[in-house]
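Going down the list, the sequences are from chains A and B.
Going by the numbering used here, the first sequence opens with residue 1, and the numbers climb by one from there.
Going by the numbering used here, the second sequence opens with residue 282, and the numbers climb by one from there.
To be clear, the hints were calculated from the coordinates, so they are not data collected in a lab.
Because the structure is a prediction, the values reported are computed rather than measured.
Think of the CB as a built atom: it goes at the ideal place given N, C-alpha and C, for glycine as much as any other residue.
Mixed in with the good hints, there may be bad ones.
To be clear about the criterion: a stretch of chain B counts as covered by chain A if any three or more of its residues have a C-beta under 8 angstroms from a C-beta of chain A, and this derived list gives those stretches [what the hints assert, rightly or not]:
1) 420–434
2) 515–528
3) 531–537
4) 548–561
5) 565–577
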Amino acid sequence: MEKEGKKKNDRFIIWSWIVGLLLVFCIIAPQFASHDPYEMNLLAVNQAPSAEFIMGTDYIGRCILCRLLYGAARSVYAALFVVFITFMIGVAIGSVSGYIGGTADLCIMRFVDSVQAFPSLVFTISIAAMLGGGMGNCMIAMSAVGWTTYARLARSKVLSLKERTFVSAARVSGMSSFQILIKTIIPNSLPLLIVQGSMHIGNAILEFAGLSFLGLGTAPPYPEWGNMLNDAKASLQTAPWTVLFPGLAILCVVMIMSMFGDSLNEVLNPKKNTASEKECK
Amino acid sequence: MKRYIIKRIAWLIPIMFVISFITFSLMYLSPGDPVLIYLSQGGDAPNMEAAAELREKLGLNAPFPVQYGRWIINALHGELGTSIFTGNPVAQEIATYFPNTLKLTFLAVFLTLLVSVPLGIIAAVFENRIIDYIIRFFAFINGSMPGFFAAMLMIYVVGVRLRLLPTVSSGNAKGIWMPALTLTLCLSAGYIRQVRIAIIQELGEDYVRLKRARGIRERTILFRGALKSALPSVFTIAGINIGRLLGGTAIIETVCTYQGIGRLAIQSITNRDYPLMQGYVLVMAGIYVLVNLIVDLLHAAVDPRVRNRFIQESMKGAGNGKRR
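Only chain A is shown next, with the shape it has when bound in the complex:
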């Protein structure tokens, strides 16, 4: 049993290192680019991968590898930021709602129900479109929908912790409600929420790429993996590499993030292993 626990820890440490390196790499990636990612070259349109352009060129002759490298930070950090924001908002609203209880809680939860009643993609797309697109607006749209998951989870956790002895003890010792919430209840509900957050990163990357793909995310000419695929749509039949490489980049990053989420889940949440695996679609 102990050996198994150690194995899980090791796996988590390995995946944390990989994710950490990935995040650093995304920032320094532009240093490795051999061309200017914005430089158009109409003499070298849709060129197949070659020694000069390792991943080929796109429909206006830009180097795909360089655009991938420049786009990495945008594609990954936007999603991370969304996860962070939704986490903070969701946990704050959910735990306060659960702690206060009563009518306020009922109203907030009905609101959460209604937001979750929208098919999330439709809702996100329409908010992003209403706001007029762009990277910031997409992130707002994703956050506006995403916080509800955390709110619901945080609330259910707070409800079960609220009645525990250590919370009563804190109350008796004269802590204010705010202090109780911050110092006793939230720290105890964090593991579950963090697991949820780590599982969310991969989905957020996919979703952000999807919005960019629809032309709602990053505005051209800035490189971003989703909108690179959007650019490549037209040349799919003649130049499949324009599609292949950005797609693989997204796939790899999402895979790394979900492996990381799984390993974190195993460490923080050993008992509920199967149950939480069930929840993460």
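Dock chain B against the given chain A, drawing on the hints supplied.
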């Protein structure tokens, strides 16, 4: 049980109310004046007097609650306004495109079940053996793949290279297969995992151990026992997915140029066709809520364990209400 059903249906009313409110305020708050967009369609700069007149005629000068009230009353009569772009009633546009998406969704979910139930069972039976790892590995890759990337790969491999299916889906009898197969590819990842876990959990239950002890054949235990108890929850997930897919096929429909409602919605976004979008969001959210309700009730009807939990929950809910 009856009490639970009534309660669930009663909850639909406030939820639909909030949904309609959110939808309406989204459009109300959106930048871009629909009147100016409508008038500048021909390419001329809009005439300010005409704009003011039209605004008065459409009732856009009224305060927010009045506009909302009017809109809600119209929506209850099935009138969702007129599409700015095509000039047709929104309800008519939705009615034209919706059946295509419905067909696509059902085909995709059917194919997904066809693929993933057997694979899930195989993975569960051979838990932690090579076959299990192979299936899980492919499911994992599939699950991490962006839908639009999968669609483009499918178009390239099946359409361009193998020439098995047309690359453009609209106006073609075989057109539905490309988006349907793509959706199957994307969906089956999650299903395989869920079927596998459901079966593994069932196989760990006491009644299975009892049957094993009685010497019943492993195959009988699997098909008569575990599968029978695990399937309702699998179908529930399928049902929920139908609701989610109806609104979630937009990107794949766009890539495959399939004439579905999702593509219509994306086009309406590009055209800034607010009434059409508003109608789409409202209708889709309504359908989604309804489908979820039906699925929940069916699940409760099929699986006695779920039914008991529901009844307990609604009793508990009633108790809480009294205490307050």
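Results of checking the hints against the structure:
no., hint, result
1, 420–434, "holds (count 11)"
2, 515–528, "holds (count 4)"
3, 531–537, "holds (count 4)"
4, 548–561, "holds (count 4)"
5, 565–577, "holds (count 5)"
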